[in-house]
Amino acid sequence: MVDWHDVSTQKCGDWEMKEFTNNAIRFFSAVMNKYKGSPNIILEFWNEPGCDWKIVKKYHYTLLWTIRQIDPNFVAILGCPLTSEDIKDPVFGTNIMHMLHFYPIWEPLPFTFTTKILDYAKDRNIGIFISEYGDATVTPNAPIKPNEIKKFWEIMDSRKISYIKWVLATMIEPWAPNIGMALMLRTCKVNQIYQDSCLSDSGKLLKQHMWSLNSGTTGC
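End of the sequence shown sits at 220 in the working numbering; the numbers just go up one at a time, nothing left out.
Source of the hints: derived by calculation from the structure; they are not laboratory data.
We put the CB at the ideal spot given by N, CA and C, even for glycine.
Errors might be hidden in some of the hints.
Computed list of lysine-lysine pairs in DSS-like fashion (alpha-carbon distance at most 25 Å, straight line) [claimed, not checked]:
1) LYS150 / LYS122
2) LYS189 / LYS151
3) LYS11 / LYS34
4) LYS54 / LYS18
5) LYS36 / LYS11
6) LYS88 / LYS116
7) LYS122 / LYS88
8) LYS165 / LYS150
9) LYS116 / LYS165
10) LYS165 / LYS145
11) LYS116 / LYS150
12) LYS54 / LYS116
13) LYS11 / LYS58
14) LYS11 / LYS88
15) LYS160 / LYS122
16) LYS18 / LYS58
17) LYS122 / LYS165
18) LYS122 / LYS58
19) LYS34 / LYS54
Computed spacing ranges between beta-carbons, pair by pair [what the hints assert, rightly or not]:
20) THR94 / ASN178: 37 to 45 Å
21) ASN141 / LYS58: 22 to 30 Å
22) LYS207 / LYS58: 18 to 26 Å
23) LYS204 / LYS122: 12 to 20 Å
24) HIS209 / GLY50: 28 to 36 Å
25) ASN47 / ASP119: 37 to 45 Å
26) SER197 / GLY13: 45 to 53 Å
27) ARG68 / PRO143: 37 to 45 Å
28) ASP6 / ALA169: 15 to 23 Å
29) LYS34 / GLY93: 18 to 26 Å
30) ASN147 / VAL167: 29 to 37 Å
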């Protein structure tokens with residue numbers, strides 16, 4: 001997944017959005033000119049946009065039309081403002097999904113809110129992709145919540161909704177592996193992700209979950 005990850009610098013005025021849109025077009029054009037036709041690439045046009053949905057929706061349609069001139073069949077994830085309520089006014093087209101993010105904050109509100117959106121989308125054939133989820137709250141050094149995230153996995157797997165974990169990084173202290181959402185300990189490098197000794201509690205929890213799934217393969 002190639003993510004245009006801008007959550008704070010964008011401006012919503014006409015001139016600022018024009019510049020923001022042109023920058024996104026240049027970026028995604030470069031990506032798709034290199035990876036055109038690749039079946040395993042997904043583009044996320046805008047992570048957690050901060051503008052009104054009317055502005056964001058126009059941006060998505062512009063990006064879709066432009067990048068489909070390069071590759072008419074690529075799959076796109078369309079970022080929505082944090083509440084994701086804007087799926088009630090969806091972007092229409094093929095090979096598109098609307099973004100939804102999940103963090104276990106103020107239980108049980110996240111589950112009630114998330115399932116409500118998923119039910120609404122399913123009833124109207126609107127694609128949903130969890131392009132970011134965490135197993136802790138968004139406050140720094142928050143403890144992970146294994147029970148809540150297992151419930152999240154159960155809900156998503158039962159509905160066949162895809163999800164991507166935040167975050168493959170080494171941002172936590174090695175003496176506190178049960179804190180924060182980073183998958184790895186700070187003492188390790190990203191290319192050591194395969195080493196159990198380098199995994200945080202969050203990383204170990206995710207690995208255990210992934211190994212429990214039936215991926216359709218039997219290994220090497």
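Hints, one by one, checked against the model:
For the hint linking LYS150 to LYS122, the alpha-carbon distance of about 22 Å falls within 25 Å, and the restraint holds. Straight-line distance between C-alpha atoms of LYS189 and LYS151 comes to about 30 Å, which puts the hinted pair past the 25 Å bound. The hinted pair formed by LYS11 and LYS34 fails the criterion: a straight-line CA distance of about 29 Å is larger than 25 Å. Between LYS54 and LYS18 the alpha-carbon distance is near 14 Å, which keeps this suggested pair within the 25 Å criterion.
For the given pair, LYS36 sits about 30 Å from LYS11 by alpha-carbon distance, which is inconsistent with the 25 Å threshold. Between LYS88 and LYS116, the direct Cα distance comes to roughly 12 Å. Compliance with the 25 Å bound is thereby established for this hinted pair. A threshold of 25 Å between alpha carbons decides the hint, and for LYS122 with LYS88 the separation of about 12 Å falls inside it, so the pair holds. Note on LYS165 and LYS150: the hinted pairing holds, with a Cα-Cα distance of about 13 Å set against a maximum of 25 Å.
Only pairs whose Cα atoms come within 25 Å are accepted, and LYS116 paired with LYS165 is accepted, the gap being roughly 21 Å. At most 25 Å may separate the alpha-carbon atoms for a hinted pair to count; LYS165 and LYS145 meet this at roughly 14 Å. Of the supplied pair hints, the one linking LYS116 and LYS150 holds, its CA atoms being roughly 19 Å apart against a limit of 25 Å. Of the pairs offered as hints, the one joining LYS54 and LYS116 holds, with about 22 Å between alpha carbons and a cut-off of 25 Å not exceeded.
Straight-line distance between C-alpha atoms of LYS11 and LYS58 comes to about 15 Å, which keeps the hinted pair within the 25 Å bound. For the hint pairing LYS11 with LYS88, the CA-to-CA distance comes to about 24 Å; that is within 25 Å, so the pair holds. Restraint check for LYS160 and LYS122: satisfied, since their Cα atoms lie roughly 11 Å apart, inside the 25 Å limit. For a cut-off of 25 Å, the pair hint linking LYS18 to LYS58 stands: about 11 Å separates their Cα positions.
Distance hint between LYS122 and LYS165 is fulfilled; the C-alpha atoms sit about 22 Å from each other, no more than 25 Å. In summary, the hint linking LYS122 to LYS58 is supported, as the alpha carbons are separated by about 24 Å, within the 25 Å threshold. A hinted pair counts as satisfied when its Cα atoms are at most 25 Å apart, and LYS34 with LYS54 does not qualify at roughly 31 Å. Our hint of 37 to 45 Å for THR94 and ASN178 holds, since their Cβ atoms are close to 43 Å apart.
For the pair ASN141 and LYS58, the supplied restraint of 22 to 30 Å is violated, since their beta-carbon distance comes to about 39 Å. Between LYS207 and LYS58 the C-beta distance comes to about 41 Å, which lies outside the given range of 18 to 26 Å. The supplied range of 12 to 20 Å is broken by LYS204 and LYS122, whose beta-carbon atoms lie about 32 Å from each other. For the pair HIS209 and GLY50, the supplied restraint of 28 to 36 Å holds, since their beta-carbon distance comes to about 31 Å.
Taking 37 to 45 Å as the suggested C-beta distance range, the pair ASN47 and ASP119 does not conform, at roughly 24 Å. Evaluation of the 45 to 53 Å hint for SER197 and GLY13 yields a pass: the beta carbon distance comes to about 50 Å. For ARG68 and PRO143, the hinted distance range of 37 to 45 Å is satisfied, since their beta carbons lie about 44 Å from each other. Evaluation of the 15 to 23 Å hint for ASP6 and ALA169 yields a pass: the beta carbon distance comes to about 18 Å.
Taken as a hint, the range 18 to 26 Å holds for the pair LYS34 and GLY93, whose Cβ atoms sit roughly 23 Å apart. Distance hint check for ASN147 and VAL167: the Cβ-Cβ separation is about 21 Å, which falls outside the suggested range of 29 to 37 Å.
Comparing the model with each earlier hint shows violations of hints 2, 3, 5, 19, 21, 22, 23, 25 and 30; every other hint is respected.
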